[in-house]
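J.: This is what each chain is made of:
Number of protein chains: 2
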Amino acid sequence: MVIGLGPGEARYLTTQAADALASADWFYGYGPYVDRVVAPDDPRRVVSDNREEGARAREALMLAARGECVAMLSGGDPGVFAMASAVCEQIERGPQAWRALTIDIVPGVSAMLAAAAACGAPLGHDFATLSLSDNLKPWALIERRLLACAGAGMAMALYNPISKARPWQLGVALERLREVLSPETLVIFARAAGRADEQITTVTLEKARAEQADMATLVIIGSEETRRVERPDQAPLIYTPRFAPGHDPETPDSKG
Amino acid sequence: MVIGLGPGEARYLTTQAADALASADWFYGYGPYVDRVVAPDDPRRVVSDNREEGARAREALMLAARGECVAMLSGGDPGVFAMASAVCEQIERGPQAWRALTIDIVPGVSAMLAAAAACGAPLGHDFATLSLSDNLKPWALIERRLLACAGAGMAMALYNPISKARPWQLGVALERLREVLSPETLVIFARAAGRADEQITTVTLEKARAEQADMATLVIIGSEETRRVERPDQAPLIYTPRFAPGHDPETPDSKG
Numbered sequence: 001m002v003i004g005l006g007p008g009e010a011r012y013l014t015t016q017a018a019d020a021l022a023s024a025d026w027f028y029g030y031g032p033y034v035d036r037v038v039a040p041d042d043p044r045r046v047v048s049d050n051r052e053e054g055a056r057a058r059e060a061l062m063l064a065a066r067g068e069c070v071a072m073l074s075g076g077d078p079g080v081f082a083m084a085s086a087v088c089e090q091i092e093r094g095p096q097a098w099r100a101l102t103i104d105i106v107p108g109v110s111a112m113l114a115a116a117a118a119c120g121a122p123l124g125h126d127f128a129t130l131s132l133s134d135n136l137k138p139w140a141l142i143e144r145r146l147l148a149c150a151g152a153g154m155a156m157a158l159y160n161p162i163s164k165a166r167p168w169q170l171g172v173a174l175e176r177l178r179e180v181l182s183p184e185t186l187v188i189f190a191r192a193a194g195r196a197d198e199q200i201t202t203v204t205l206e207k208a209r210a211e212q213a214d215m216a217t218l219v220i221i222g223s224e225e226t227r228r229v230e231r232p233d234q235a236p237l238i239y240t241p242r243f244a245p246g247h248d249p250e251t252p253d254s255k256g
Numbered sequence: 001m002v003i004g005l006g007p008g009e010a011r012y013l014t015t016q017a018a019d020a021l022a023s024a025d026w027f028y029g030y031g032p033y034v035d036r037v038v039a040p041d042d043p044r045r046v047v048s049d050n051r052e053e054g055a056r057a058r059e060a061l062m063l064a065a066r067g068e069c070v071a072m073l074s075g076g077d078p079g080v081f082a083m084a085s086a087v088c089e090q091i092e093r094g095p096q097a098w099r100a101l102t103i104d105i106v107p108g109v110s111a112m113l114a115a116a117a118a119c120g121a122p123l124g125h126d127f128a129t130l131s132l133s134d135n136l137k138p139w140a141l142i143e144r145r146l147l148a149c150a151g152a153g154m155a156m157a158l159y160n161p162i163s164k165a166r167p168w169q170l171g172v173a174l175e176r177l178r179e180v181l182s183p184e185t186l187v188i189f190a191r192a193a194g195r196a197d198e199q200i201t202t203v204t205l206e207k208a209r210a211e212q213a214d215m216a217t218l219v220i221i222g223s224e225e226t227r228r229v230e231r232p233d234q235a236p237l238i239y240t241p242r243f244a245p246g247h248d249p250e251t252p253d254s255k256g
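Here the protein sequences come in this chain order: A and B. Residue 169 in UniProt numbering sits at position 169 of the first sequence, and the numbers go up by one each step. Residue 141 in UniProt numbering sits at position 141 of the second sequence, and the numbers go up by one each step.
Looking at chain A on its own, in the form it has when it is part of the complex (with noise of 0.2 Å):
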């Protein structure tokens, strides 16, 4: 089984993901994931460090193919760059038998859609789900899809915006950006989105600085259609119209 526990509280979890762990003979995932469903003493984890996916894939399926009912956890939906993509590459590179496995995927609540609903709705109309992390693919493959995806009006949810070992990704997403997007564009900084320490932050893409953002952090980039609707003593509201300009479904002449 590859669960997904939401972002950060047990509040985020659905009942599958809940009748999933009740299950499970091994938890297996990155400590802190793993930490939020079984106590620190419990011999049934197995944590590993975030940078070990495969390795982890292939001890949980080999534990599984001895007939153990297994967990492999991700926080947010494990099908977002998280550990569902790792355990499918390892089966189709394992032995056969594992292939004759039950794999159940179960979904959570993403990190994205956690932070967009902190603030309103920034994810409302198209939009894209990027990784800036050029571990696993090069740089410049991660600028054309920004562009790309800029250039075509859509917002962006931006997945491992920085860590210590990718300092400068962010700072150059934004540059690039700047180029292309009005510099009143809205850029969302989601840090913990979902737990007790959450901060939402909006700023325009002219003031944006990648020093907002931490390893914790969802960056969503709105498109220029994103608004804002400030409101007394409370955060603003940000979203994205379902419409593009001139579609307005509440004004009869706008569908041209």
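Please note that the accuracy of each hint is not assured.
Said to hold, decoys possible - Just the calculated beta-carbon pair ranges, DEER-fashion:
{"no.": "1", "chain 1": "A", "residue 1": "Pro40", "chain 2": "B", "residue 2": "Ala65", "range": "46 to 54 Å"}
{"no.": "2", "chain 1": "B", "residue 1": "Asp41", "chain 2": "A", "residue 2": "Trp139", "range": "53 to 61 Å"}
{"no.": "3", "chain 1": "B", "residue 1": "Ala165", "chain 2": "A", "residue 2": "Asp42", "range": "48 to 56 Å"}
{"no.": "4", "chain 1": "B", "residue 1": "Ala140", "chain 2": "A", "residue 2": "Ala97", "range": "45 to 53 Å"}
What the hints assert, rightly or not - To give an idea of the interface, some chain B residues facing chain A are shown, with a C-beta separation under 10 Å as derived from the structure:
{"no.": "5", "residue": "Ala65"}
{"no.": "6", "residue": "Gly67"}
{"no.": "7", "residue": "Ala117"}
Keep in mind the hints are simulated off the structure, nothing from the lab. Cβ atoms here follow ideal geometry from the backbone N, Cα and C, with glycine treated the same way.
Use these hints to put chain B onto chain A, whose structure you have.
T.: Structure of chain B alone, referenced to chain A:
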């Protein structure tokens, strides 16, 4: 409250969404979503057609401004082609008092995440989320986004692929994509993903036909890297690798 119910069945509901539903005085939404949480004869239901988002949001906000606790329901996640954006839009356009309301947006498992989980991890790397409906945007813009994302090597989740009122859009989208993507590119038709009658069909782009989709179908277009792992007596696993070609983390000299 704008609440994501997840796709189809109660097992996708999060604890947070269940708690929010329990506190609501009124349930607004498209009929099939309201049916999932309150009985047909419940006086707290206010159902409306799925083309009336603006009016539905206004009515709910008026009631909320009178002090009622109103639940606006969305299938999947409310922030992805659903009610969160419509509610923000009406708050921006409505009376100043609406800006003082407490708006809780409760994220949910979106249809694309459930569809991806049902077949493997086709959205396991950079991807785009696009609506094929040209009700609120010009078709030319949709084609531009499809080609920009396909050209940049991204997978795509296509919402609203087809309906009685929009019968030709998916067919034309597939034609355009055939002009830029390999005929072997994988296309997934995920019908009723996450429901008891779920039906997942994977074909090559060459063989994909618009008639394979209906209103309840989410279509995923793989990238050219998306792979199919055949399994005995089980549906194949479809996944998009975590790495770009030549950047396989398990091939020591692959990073270049």
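J.: Hint says 46 to 54 Å; check whether the CB-CB distance for proline 40 of chain A and alanine 65 of chain B agrees.
T.: holds (48 Å)
J.: Does the Cβ distance between alanine 165 of chain B and aspartate 42 of chain A fall inside 48 to 56 Å?
T.: The hinted range 48 to 56 Å holds for alanine 165 of chain B and aspartate 42 of chain A, with Cβ atoms some 54 Å apart.
J.: Okay, aspartate 41 of chain B versus tryptophan 139 of chain A on CB: inside 53 to 61 Å?
T.: holds (59 Å)
J.: Okay, alanine 140 of chain B versus alanine 97 of chain A on CB: inside 45 to 53 Å?
T.: Taking Cβ atoms as reference, alanine 140 of chain B and alanine 97 of chain A lie about 51 Å apart, which means the hint holds.
J.: Less than 10 Å between beta-carbons is the criterion; does alanine 117 of chain B satisfy it with respect to chain A?
T.: At 4 Å from the nearest chain A Cβ, alanine 117 of chain B passes the 10 Å test, so the hint holds.
J.: Would you settle whether the hint for glycine 67 of chain B is holds or violated, based on the nearest Cβ-Cβ distance to chain A being less than 10 Å?
T.: Constraint on glycine 67 of chain B not satisfied, violated at 17 Å.
J.: Does the closest beta carbon of chain A sit nearer than 10 Å to the beta carbon of alanine 65 of chain B?
T.: Violated, about 14 Å.
Consistency note: the structure conflicts with the earlier hints numbered 5, 6.
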